[in-house]
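S.K.: Residue numbers (full-length UniProt numbering), protein chains in the order written: chain C, 1 to 398; chain Z, 1 to 482.
The set of hints was computed from the structure by calculation and includes no laboratory data. Wrong hints could be hidden among the right ones.
Chain Z side only, calculated, beta carbon under 7 Å to chain C, not exhaustive [to be verified]: (1) Asp184; (2) Ala185; (3) Gly242; (4) Pro282; (5) Ala288; (6) Pro343; (7) Arg344; (8) Asn375; (9) Gly408; (10) Ser410; (11) Val417; (12) Met428; (13) Thr432; (14) Met437; (15) Gly443.
Here are the computed distance ranges between Cβ atoms for each label pair [claimed, not checked]: (16) C:Gly215 x Z:Leu100: 30 to 40 Å; (17) Z:Glu360 x C:Asp5: 56 to 66 Å; (18) Z:Leu100 x C:Gly396: 27 to 37 Å; (19) C:Glu111 x Z:Asp299: 22 to 32 Å; (20) C:Leu4 x Z:Glu101: 56 to 66 Å.
Remember, predicted model here, so these are calculated numbers, not experimental data. Backbone N, C-alpha and C define an ideal beta-carbon position, used for all residues, glycine too.
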Amino acid sequence: MRPLDALAKVCGDVRPGEPADGVLGVEPSVVAAPKNVAEAADVMRVAAEQGLAVVPRGAETRLDWGTPPERCDLLVDTHRLDALIEHAEGDLVAKTEAGLPLERLAERLAERGQRLALDNPLPGSTVGGTIATGAAGALRTLYGTPRNLVIGLTIVRADGQVARSGGKVVKNVAGYDLGRLFSGSYGTLGLIVEATFRLHPLAPANAYVTCAVSGPEEAHDAVQSVLHSPVAPSAVEYINPGTVAVLLEGVPDGVDTRAHQTKELLGERTEISETAPEGWGQYPDGTTLIGISAPPPALRDLLSLLGPEAAATWSGSGHGHVGLPAGMPADEVAATLDRLRECLSRYRGNAVVRYAPQEVRDEIDVWGPVPALALMRRVKDQFDPDHRLSPGRFVGGM
Amino acid sequence: MEPRLAVLEARLAALLGSEGVITDPVRLRTYECDGLMNHRATPAIVVLPNDAEQVAAVVRECVAAGVPYVARGSGTGLSGGALPRADGVLIVTSRMRRILEIDIPGQRAVVEPGVINLDVTRAVRPYGYYFAPDPSSQQICSVGGNVAENSGGAHCLKYGFTAHHVLACEVVTPDGELAELSADAPGYDLLGVFVGAEGTIGITTKITVRLTRVPETVQTLLAAFDSIEAGGTAVSAIIGAGVVPAAIEMMDALSIEAAEAAVRCEYPPGAGSVLIVELDGPETEVAAQFAEARRLCEDAGAFEIRVAADDEERALIWKGRKSAFAAVGRISPAYIVQDGVIPRTALPQVLARIDALSAESGVRVANVFHAGDGNLHPLVLFDDAEEGAEARAEEVSGAILDLCIEHGGSITGEHGVGVDKSRYMTRMFTDTDLDTMQMVRCGFDPGNLCNPGKVFPTPRLCGEVPGVRKGPHPFEGKADLF
Chain C
1 MRPLDALAKV CGDVRPGEPA DGVLGVEPSV VAAPKNVAEA ADVMRVAAEQ GLAVVPRGAE
61 TRLDWGTPPE RCDLLVDTHR LDALIEHAEG DLVAKTEAGL PLERLAERLA ERGQRLALDN
121 PLPGSTVGGT IATGAAGALR TLYGTPRNLV IGLTIVRADG QVARSGGKVV KNVAGYDLGR
181 LFSGSYGTLG LIVEATFRLH PLAPANAYVT CAVSGPEEAH DAVQSVLHSP VAPSAVEYIN
241 PGTVAVLLEG VPDGVDTRAH QTKELLGERT EISETAPEGW GQYPDGTTLI GISAPPPALR
301 DLLSLLGPEA AATWSGSGHG HVGLPAGMPA DEVAATLDRL RECLSRYRGN AVVRYAPQEV
361 RDEIDVWGPV PALALMRRVK DQFDPDHRLS PGRFVGGM
Chain Z
1 MEPRLAVLEA RLAALLGSEG VITDPVRLRT YECDGLMNHR ATPAIVVLPN DAEQVAAVVR
61 ECVAAGVPYV ARGSGTGLSG GALPRADGVL IVTSRMRRIL EIDIPGQRAV VEPGVINLDV
121 TRAVRPYGYY FAPDPSSQQI CSVGGNVAEN SGGAHCLKYG FTAHHVLACE VVTPDGELAE
181 LSADAPGYDL LGVFVGAEGT IGITTKITVR LTRVPETVQT LLAAFDSIEA GGTAVSAIIG
241 AGVVPAAIEM MDALSIEAAE AAVRCEYPPG AGSVLIVELD GPETEVAAQF AEARRLCEDA
301 GAFEIRVAAD DEERALIWKG RKSAFAAVGR ISPAYIVQDG VIPRTALPQV LARIDALSAE
361 SGVRVANVFH AGDGNLHPLV LFDDAEEGAE ARAEEVSGAI LDLCIEHGGS ITGEHGVGVD
421 KSRYMTRMFT DTDLDTMQMV RCGFDPGNLC NPGKVFPTPR LCGEVPGVRK GPHPFEGKAD
481 LF
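All chains, please: the whole structure from these sequences, using the hints.
M.R.: Below is the structure:
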């Protein structure tokens with residue numbers, strides 16, 4: 001039986017792929033959109049029987065991250081898996097299907113004064129895609145990344161079996177935590193179909209304290225002064241060129257006092273506002289986006305290297321993004337990336353290209369050095385012995 | 001000693017020197033159990049490596065000899081995770097106690113696995129920092145053990161578990177190779193699964209921990225209620241109001257009685273339950289939330305509220321709670337410490353059911369718990385001199401776990417599965433769930449020599465095709481099947 005027909009028997013929404021469905025230019029033969037977990041499992045089982053290479057897709061906001069798949073026979077689209085399964089308000093826990101967009105989840109949670117503490121810079125992004133790419137922004141300084149907030153995960157394995165780990169309580173050490181393993185795994189270990197999150201209360205008040213700084217030294221000092229102070233920021237963000245912004249959340253009186261304490265720390269060129277400064281929580285402009293990671297003191301060297309013109313952001317916790325402009329020649333991008341990696345490696349940090357035009361991709365190593373790659377391959381071989389799940393999308397050609 | 005173990009012993013002595021290898025039966029018995037004392041096995045050989053290279057060399061020798069090995073930190077675990085193998089090697093990290101690096105600007109420190117949890121905090125406290133995970137055993141437990149068990153503690157309600165405070169680990173893989181696992185490096189988050197894998201996929205030899213800024217202020221109150229239900233209501237009200245306490249702890253009348261007998265904590269007499277609520281953070285923030293927490297306790301019917309005026313009074317409030325486990329020894333000859341989790345909103349129903357279980361069976365249960373995150377520590381009391389009493393206590397203890405599962409909770413919140421609870425794993429997870437988790441194990445340790453027999457009730461034969469198993473289990477007769 002043709003894959004399309006075999007899949008149509010188990011899933012109500014199956015069609016041939018089109019150029020617009022391409023994953024970094026690789027067009028799928030078939031697109032299937034299962035409507036529930038059982039259908040998703042059937043789709044994956046048929047894919048296994050037919051030996052199909054499978055790439056999951058949420059809302060396509062980060063489908064251009066990572067490397068292109070070697071092949072894509074079947075694109076599994078999660079947009080119909082969009083239920084908020086449970087919001088256990090009193091337990092500050094929510095369980096959702098993978099295709100639910102983060103802003104829809106946020107609306108529902110906000111009705112009850114709660115939230116999932118993850119930044120959402122790309123409108124439409126789904127729960128599943130956010131987990132699969134391990135995406136996080138400024139709020140990670142206090143709340144962490146998907147790995148910290150996912151407390152339960154349901155996946156469909158390469159063979160079509162449904163497996164769960166974790167649960168719906170925050171404190172739980174029963175069994176291996178596959179939620180953390182699947183965070184940032186780019187669809188190469190299994191299809192994420194449901195996730196349970198730890199939630200946080202929405203703060204009654206917040207304030208952004210924004211300060212202008214000139215040069216790497218001042219930027220570094222400003223960030224350090226806030227990090228080591230007791231004002232307990234939710235986020236400390238540096239936005240190139242020259243802006244340090246601090247997010248404070250809490251009760252109105254507390255936020256007010258802390259905002260003034262922060263202003264005191266940061267000096268004269270500081271303003272307090274209820275709204276975020278420009279660029280806050282956004283990826284920097286450019287057609288090449290590089291994710292960087294290193295301990296907080298690396299900021300000084302990083303900015304010296306990048307210069308005042310570069311589009312870059314940096315969270316106090318030691319993670320940031322650099323955007324390189326469309327016009328930059330591929331060899332120059334490659335050289336910049338090398339210099340970044342050389343600089344960050346002194347801090348045991350790293351730089352990973354998130355997206356880039358094809359001509360740039362041809363000149364660079366998207367991932368950079370990958371420690372423990374051999375172990376990763378062995379784990380991958382267990383989950384996906386035939387290398388059919390997003391083949392080539394991840395490190396080491398996995 | 002078996003010939004292959006004798007050969008292995010000689011090779012290990014050549015690697016570590018004779019002072020690094022223990023085979024004297026009397027000294028070996030020191031290591032026969034961890035904090036879970038009803039499971040015991042005397043290891044064939046104990047080694048005390050000095051560094052990562054020695055750990056790696058020991059693992060390579062074990063693999064070459066086909067001998068199982070188990071890592072042990074301070075041995076304070078409560079699920080038998082460090083229970084040795086009588087036919088194997090126990091790798092003890094007590095000589096690896098160096099704090100290698102303190103990087104305050106980077107808010108991190110690098111430590112060896114044998115470093116005591118509280119010593120990390122002691123080392124960085126002068127800079128205004130501390131290591132947040134605070135299991136009750138923090139004065140003696142090791143950071144390596146914390147990593148293996150993903151340890152929590154009273155304050156993980158606000159600050160999270162060990163997994164959230166470990167940035168990277170150097171590990172010795174079950175091949176005897178050194179590998180660096182990092183949360184931020186490209187590739188799979190192997191660190192995320194390593195932390196909490198209970199020592200079954202490798203041994204950590206160097207840990208980069210995140211340091212947390214000491215909060216500006218800490219406020220602690222003790223509220224006494226007539227009943228456990230009233231205390232539970234206060235907990236739900238506090239969390240429901242959006243207050244994020246650093247800790248909320250609860251004790252019932254029986255555990256208060258025990259604590260009183262042991263340490264004279266002088267909790268309000270006649271209390272059906274007491275609640276300890278602690279808030280920390282910036283002063284103005286804490287002041288506002290503390291007032292609210294206090295009001296909510298009053299609304300829930302607290303008949304007495306004490307606020308700690310200083311660190312000394314705070315220590316006094318915590319004294320009763322922290323001594324509760326040991327204190328139960330004053331009111332019962334023996335007891336089982338249980339560790340289950342429920343959604344916090346199910347607290348009243350579950351406690352009523354535990355009461356009913358206790359009444360039906362005649363087995364007394366003292367309740368101590370991290371109420372803020374629904375982590376129950378029922379202490380199931382029995383007289384070990386009485387025939388059948390332990391079995392009845394075990395039965396009640398297991399029934400409490402069933403209650404936790406029935407309410408959507410977990411069989412362990414912080415003590416781990418180890419050997420103690422592997423038999424309960426099938427009540428919480430399907431065979432496919434467990435099989436999937438073990439794919440990770442197979443990736444790391446296809447030979448099944450690294451702390452075998454822990455966590456999973458049935459080992460998975462690595463290399464077999466995923467899916468339905470037919471016929472007898474391939475390990476039948478070759479390994480323990482729980």
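S.K.: Confirm or reject each hint.
M.R.: How the hints compare with the structure:
1. Proximity of Z:Asp184 to chain C holds as hinted, the smallest CB-CB distance being about 4 Å (cut-off 7 Å).
2. Using the Cβ-Cβ criterion of 7 Å, the hint placing Z:Ala185 at the interface with chain C is satisfied: the shortest such distance is roughly 5 Å.
3. At a threshold of 7 Å, the smallest CB-CB gap from Z:Gly242 to chain C is about 3 Å, leaving the interface hint in force.
4. The beta carbon of Z:Pro282 comes within 5 Å of a beta carbon in chain C, closer than 7 Å, and the hint placing it at the interface holds.
5. With 7 Å as the threshold, the beta carbon of Z:Ala288 comes within range of chain C, its nearest partner Cβ sitting at about 4 Å, so the hint holds.
6. Nearest Cβ of chain C to the Cβ of Z:Pro343: about 4 Å, under the 7 Å cut. The hint holds.
7. For Z:Arg344, the interface hint holds, the least distance from its beta-carbon to any beta-carbon of chain C being 6 Å, beneath 7 Å.
8. The interface hint given for Z:Asn375 holds, since its Cβ lies 5 Å from the closest Cβ of chain C, which is under the 7 Å cut-off.
9. Satisfaction of the interface hint for Z:Gly408 is found here, the shortest Cβ-Cβ separation to chain C being roughly 5 Å, below the 7 Å cut-off.
10. For Z:Ser410, the suggested interface contact is upheld, since its CB lies about 4 Å from the closest CB of chain C, less than 7 Å.
11. About 6 Å separates the beta-carbon of Z:Val417 from the nearest beta-carbon of chain C, less than 7 Å, and the hint is met.
12. At its closest, the beta carbon of Z:Met428 sits 6 Å from a beta carbon of chain C; the interface hint therefore holds under the 7 Å criterion.
13. Proximity of Z:Thr432 to chain C holds as hinted, the smallest CB-CB distance being about 5 Å (cut-off 7 Å).
14. For Z:Met437, the suggested interface contact is upheld, since its CB lies about 4 Å from the closest CB of chain C, less than 7 Å.
15. Taking 7 Å as the C-beta contact cut-off toward chain C, the hint placing Z:Gly443 at the interface holds, the least distance being around 4 Å.
16. Roughly 33 Å separates the CB atoms of C:Gly215 and Z:Leu100, a value that falls within the hinted 30 to 40 Å.
17. Taking 56 to 66 Å as the suggested C-beta distance range, the pair Z:Glu360 and C:Asp5 conforms, at roughly 58 Å.
18. Restraint check, Z:Leu100 to C:Gly396: a C-beta distance of roughly 29 Å satisfies the suggested window 27 to 37 Å.
19. Taken as a hint, the range 22 to 32 Å holds for the pair C:Glu111 and Z:Asp299, whose Cβ atoms sit roughly 24 Å apart.
20. Checking the proposed 56 to 66 Å range against C:Leu4 and Z:Glu101 shows it holds: the Cβ atoms sit about 57 Å from each other.
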